[in-house]
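Undergrad: Protein chains in written order, with our numbering: chain A, 1 to 329; chain B, 1 to 329; chain C, 1 to 329; chain D, 1 to 329.
Possibly wrong hints are sitting among the right ones.
[Unchecked claim] Below, computed lysine-lysine pairings styled on BS3-like, alpha-carbon distance capped at 27 Å:
no., chain 1, residue 1, chain 2, residue 2
1, C, 7, A, 7
2, D, 7, A, 7
3, B, 7, A, 7
4, D, 286, C, 7
5, B, 7, C, 286
6, D, 286, B, 7
[Unchecked claim] Label pairs and their computed distance ranges (CB to CB):
no., chain 1, residue 1, chain 2, residue 2, range
7, D, 71, B, 54, 51 to 57 Å
8, A, 35, B, 191, 23 to 29 Å
9, D, 206, C, 168, 48 to 54 Å
10, C, 6, D, 69, 34 to 40 Å
11, D, 65, B, 130, 58 to 64 Å
12, A, 31, D, 190, 41 to 47 Å
13, A, 183, B, 65, 56 to 62 Å
14, B, 212, C, 35, 38 to 44 Å
15, D, 7, B, 208, 36 to 42 Å
16, A, 211, B, 52, 47 to 53 Å
17, C, 209, A, 133, 22 to 28 Å
18, B, 52, C, 6, 30 to 36 Å
19, C, 38, A, 211, 49 to 55 Å
20, C, 31, B, 249, 41 to 47 Å
[What the hints assert, rightly or not] Coverage of chain A stretches by chain C, computed from C-beta distances (three or more under 8 Å per stretch; other residues unrestricted):
no., region
21, 169-181
22, 314-322
Simulated from the structure, these hints should not be mistaken for lab results.
Every residue gets a Cβ at the ideal spot worked out from N, C-alpha and C, and that includes glycine.
Number of protein chains: 4
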Amino acid sequence: MNTFGDKWAFTSFGESHGRAIGGVLDGVPAGLHINIDLIRQELDRRRGVTGDGLPVTGVSPRAVREPDEVEWLSGVIEIKNEELKIKNESLVTLGTPIAFIIRNRDARPEDYEWLRHTYRTGHADRVYEQKYGIRDHRGGGRASARETAARVVAGCIAKQQLAQQGISIHASLIQVGSETDPTRFSDTIARYQQDGDSIGGIIECTITGLPIGTGEPIFDKLQAHLAFAIMSINACKGFEYGTGFGGVTQPGSAINHISGGIAGGISDGTDITFRCVFKPTASTPKAFEELKIKNYELKMNKGRHDACVATRAVPVVEAMTALALVNLI
Amino acid sequence: MNTFGDKWAFTSFGESHGRAIGGVLDGVPAGLHINIDLIRQELDRRRGVTGDGLPVTGVSPRAVREPDEVEWLSGVIEIKNEELKIKNESLVTLGTPIAFIIRNRDARPEDYEWLRHTYRTGHADRVYEQKYGIRDHRGGGRASARETAARVVAGCIAKQQLAQQGISIHASLIQVGSETDPTRFSDTIARYQQDGDSIGGIIECTITGLPIGTGEPIFDKLQAHLAFAIMSINACKGFEYGTGFGGVTQPGSAINHISGGIAGGISDGTDITFRCVFKPTASTPKAFEELKIKNYELKMNKGRHDACVATRAVPVVEAMTALALVNLI
Amino acid sequence: MNTFGDKWAFTSFGESHGRAIGGVLDGVPAGLHINIDLIRQELDRRRGVTGDGLPVTGVSPRAVREPDEVEWLSGVIEIKNEELKIKNESLVTLGTPIAFIIRNRDARPEDYEWLRHTYRTGHADRVYEQKYGIRDHRGGGRASARETAARVVAGCIAKQQLAQQGISIHASLIQVGSETDPTRFSDTIARYQQDGDSIGGIIECTITGLPIGTGEPIFDKLQAHLAFAIMSINACKGFEYGTGFGGVTQPGSAINHISGGIAGGISDGTDITFRCVFKPTASTPKAFEELKIKNYELKMNKGRHDACVATRAVPVVEAMTALALVNLI
Amino acid sequence: MNTFGDKWAFTSFGESHGRAIGGVLDGVPAGLHINIDLIRQELDRRRGVTGDGLPVTGVSPRAVREPDEVEWLSGVIEIKNEELKIKNESLVTLGTPIAFIIRNRDARPEDYEWLRHTYRTGHADRVYEQKYGIRDHRGGGRASARETAARVVAGCIAKQQLAQQGISIHASLIQVGSETDPTRFSDTIARYQQDGDSIGGIIECTITGLPIGTGEPIFDKLQAHLAFAIMSINACKGFEYGTGFGGVTQPGSAINHISGGIAGGISDGTDITFRCVFKPTASTPKAFEELKIKNYELKMNKGRHDACVATRAVPVVEAMTALALVNLI
């Protein structure tokens, strides 16, 4: 339900406008040194903030305002031993469950009061109410993308474990709308934002250094677990690897040498490259205008929406990839 | 590992050239009437045999020769009660695990003897040997697509349960190579077969009648479970639903009304449509020629390969969709 | 690892002398009203404090000093709606994961500094160090019985859900040492405490109102799940139900009518009664004296040990029983 | 439901009077040599037949008549390679799921026809019917102890894996009724059998060679998993280890040095000894007489009941212990 994986079991909790979001990561071996700076950087990428603290084009105001400070509750101890020459910011895992929370400092449930009796197009508001009989109208509750901050923390711990084994994960945005030149992504997004509209994007992710043998031959194929992890991210509409959908027009003789890094569900020792697509944000001024929601401009100023969520999904893709891998290796 | 799902837990077993393949389906409620004819029809679709017993274009000889007769070992009893007016071919479930086997009548391990020290391009031969330290060279062992026959049996039971709840699943081939006109698929496949080559295809699947509320909001999103189920099928290289990859060029204002039947990971009561792509078969005469394998023609005559596996994957896609759904509902 | 159950999945976290202990309870349906007073009462029973705030005989000083205040992080909202006439202390569940923490206010890691290079008899110190390679010497870390406070919180929510279904769970101490008269338990425990020694006890638990049909016939028998839940409590050395060990001397003709409330692994609609035994606390002044640990008196004054842990295990037995049941029903 | 464990996942299937019982054991590493003779011996112990093929005192006729021949369907290959000097009866695992069946040769559903509308005291007949809505009246269906034959096969494979790691499991009957002298067990059982009655027994099991570190500190304690495994055996009413229930009368100072092989839920490197109690068989001539079932003698002649099931439970206790251990190590 809210747990991903069984070997490195990650349980996520917290409502977008409740007291805190957070997670418990169980199964991390004792003695792993966690670099907290890396976690902070990943959270900033997800917030849509550059190293200089400036917002990336098209990012919602709330993301920037929320500092996303992690409070560590259990499973780690600070090590200040000079002999070990470990920096103060390092944590060492105890082998017990790592629990952490991120307080919702900018939670403004009152901003969503008008939504109490309104369902937003392209949102899960209505299905939630029908499924649970009760509705947390405050910014989507669990459905909010804010929940992905906890994934990024857990995924970054997983990435640090993988790095020790020589495995790295790198994702980047390769397409925004029809644009495939990364230097023009910022302009493209800005254009949609000015129109009160939104646009989707494609992210490509490469796994390097994964040894032969990860994945199982029948149901638990490596690609199936990667697809499960990636498709669990909000707004993701598709996953492909290797020759993907584009390969359909090519005969076997032309593309059979392309393994995509996986054979029979098991990693073959070469790089694995997959792509995933994120749809445009549903809640836009334009969408509200069509719905003839009164004072939508005011509401959008209060609201917290992105012109291109794919931008901020990049570290989440890496995080979920890392969590999938540590559960399979 | 070899089990799919936890509520309707399906465990698959059997090597392609061993004594039998089969499965155990646990969690099926007592009292479900199973129509055996439907199972036979689905197995024929997977074998690539039409209702008249004729092979579909481009299908390997073994598939046609194997009758795929199901032997029921447990979990069901035949009901011949005339009062209930149930046909002899009907089984009724007991609520206990349903175990079944399909004997490998056409198993010819000796045909694969030449493979003992050869690794086929595009096959999992090499990774298996490295992962397990032992290699079952007989036709791919577990990696063989023959294993999907057991999935079709289990999936067909799941489909019959879903049908009782008003839920139907329908998949079909919508593209072969560049061809999107189904009346021309047969010719297209025949052309690649004559060239000693192979070609991929795209399958589209629609779920109708699924009530609101299937799927969970965070990790266990409906689309994540569908992707996991579908990507676990041999040769599948991609999964998309709703606006999919094509939607990346469209602004939010143009496509936000398209839910694809799922909102926030939960079914919204409308039809769900997804697509998946299957790569061309790797083992082709052309591939063998390039590898300069001596007497490849002779071997291919003995070998058992398809020109377009997507054809036969259609019932497997339906089966895995059904198994994913019964585990989530 | 640190998760119990899959339908009502309870994940426990926190070290005894770290920042906090806590838990995440996932799978609780939306709309359940939680009475916080009941949770406070159960935590007091576990602390060994009576309704008047006085310590029960033989209870360690730390338990009494720790107020065990629960902070609710997610999954619940306070309802103050006067129309519904719900008290302020009521929480209503959202259907999302319920996360809570209990801060370790009386954590004194320095009290355990002397243990850094000492292993206590009857404690898990040594096996932990060998298993994890790292040791949290601060009061047993995860091995501390303090962890059971989180179980009591989660179990009390489960009990409130069960109560709505007419199911109640009641446990009590029925034997301390050789004493079976409850009015004499306090004196018996006091005597062992004065001797610097400790003593075990037997707890009996009765489940009332459980409808026919809970439990599965083969591995997931109701008694197997109850045994698993109860044997996971620190210091528990045995579990029996129905005729138990004592029944071995009776012929079938004398005891076959005693079902113990379970037939073939499934509840039969009658009351279920089971018993479990708790060993004496290992860390006692007497034990330390034997080990010739210097200044043991001083250390024991600082230390935090009980003369009869069975006393405080009673609400934990109820909590684990409740968690086992909500996962099976 | 019908699966035990997740690392060595054992799925059991088959009705007592259906076509076959059997199992699938998934997770066994490739390359394990399985001695089939040992499996046959264990099945004979469970049947209640000595090495000479003679029945043990008090065993039901069916057990003796059923040869319990195992047919291996998948996951193993016979190795006859003379270079490796492996006997013909050896199987080698492939790393794929091991499926096997035991045909019910002596299945006589007609013998149970009279039970169609009768519920036996001390049996699960009635709860099954209420739980499943359908009843397989043929000898208890899944509730029959015949299902334990599949456990013995899987457990014996687990024992052979453990033996390679230097771990051995040995169980024996230590008490029958009030009798604790094993040389008198046979006479004691015979006496109850002559009376048309039945009697319970206590089995003690010792695990030797288990290295430090098996088990997890919180819920997945080694003793909790052993208790779960053992309490899942038909007719088992209690489990205890180390000082057990008897230890309740002893002060901590007298018994704290007795670890029972487990500290804090984790094996401590010393032998682990546990005991479990089995109730008398419910279906006895005496019980039938009391129920005033007509012609009970005739029925009992046809029926298949034991005077002391504890005798035959010994190899089942070893099997379940082995399955618990391979899933935890």
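Undergrad: Against each hint, give a clear statement of whether it holds in the structure.
TA: Checked hints:
1. C:7 with A:7: Judged against 27 Å, a Cα distance of about 18 Å means the pair holds.
2. D:7 with A:7: Cα-Cα ~11 Å, so holds.
3. B:7 with A:7: holds (20 Å)
4. D:286 with C:7: violated (43 Å)
5. B:7 with C:286: violated (52 Å)
6. D:286 with B:7: The hint is violated at about 42 Å.
7. D:71 with B:54: 51 to 57 Å: Hint violated: Cβ distance 35 Å, outside 51 to 57 Å.
8. A:35 with B:191: 23 to 29 Å: The hint (23 to 29 Å, Cβ to Cβ) is violated, given that residue 35 of chain A and residue 191 of chain B are roughly 56 Å apart.
9. D:206 with C:168: 48 to 54 Å: Since residue 206 of chain D and residue 168 of chain C have Cβ atoms about 39 Å apart, the given range 48 to 54 Å is violated.
10. C:6 with D:69: 34 to 40 Å: holds (37 Å)
11. D:65 with B:130: 58 to 64 Å: At roughly 48 Å between Cβ atoms, residue 130 of chain B and residue 65 of chain D fall outside 58 to 64 Å, so the hint is violated.
12. A:31 with D:190: 41 to 47 Å: Cβ of residue 31 of chain A to Cβ of residue 190 of chain D: about 60 Å, so the range 41 to 47 Å is violated.
13. A:183 with B:65: 56 to 62 Å: 58 Å Cβ-Cβ, so the 56 to 62 Å window holds.
14. B:212 with C:35: 38 to 44 Å: violated (32 Å)
15. D:7 with B:208: 36 to 42 Å: Given a distance of about 39 Å, which is inside 36 to 42 Å, the answer is holds.
16. A:211 with B:52: 47 to 53 Å: holds (50 Å)
17. C:209 with A:133: 22 to 28 Å: Given range 22 to 28 Å: holds, Cβ gap about 25 Å.
18. B:52 with C:6: 30 to 36 Å: The hint (30 to 36 Å, Cβ to Cβ) is violated, given that residue 52 of chain B and residue 6 of chain C are roughly 47 Å apart.
19. C:38 with A:211: 49 to 55 Å: holds (52 Å)
20. C:31 with B:249: 41 to 47 Å: holds (43 Å)
21. 169-181: violated (count 0)
22. 314-322: Since three or more residues must qualify, the claim that chain C covers the region 314-322 of chain A is violated, with 0 doing so at under 8 Å.
Hint violations for this structure: numbers 4, 5, 6, 7, 8, 9, 11, 12, 14, 18, 21 and 22, all remaining hints satisfied.
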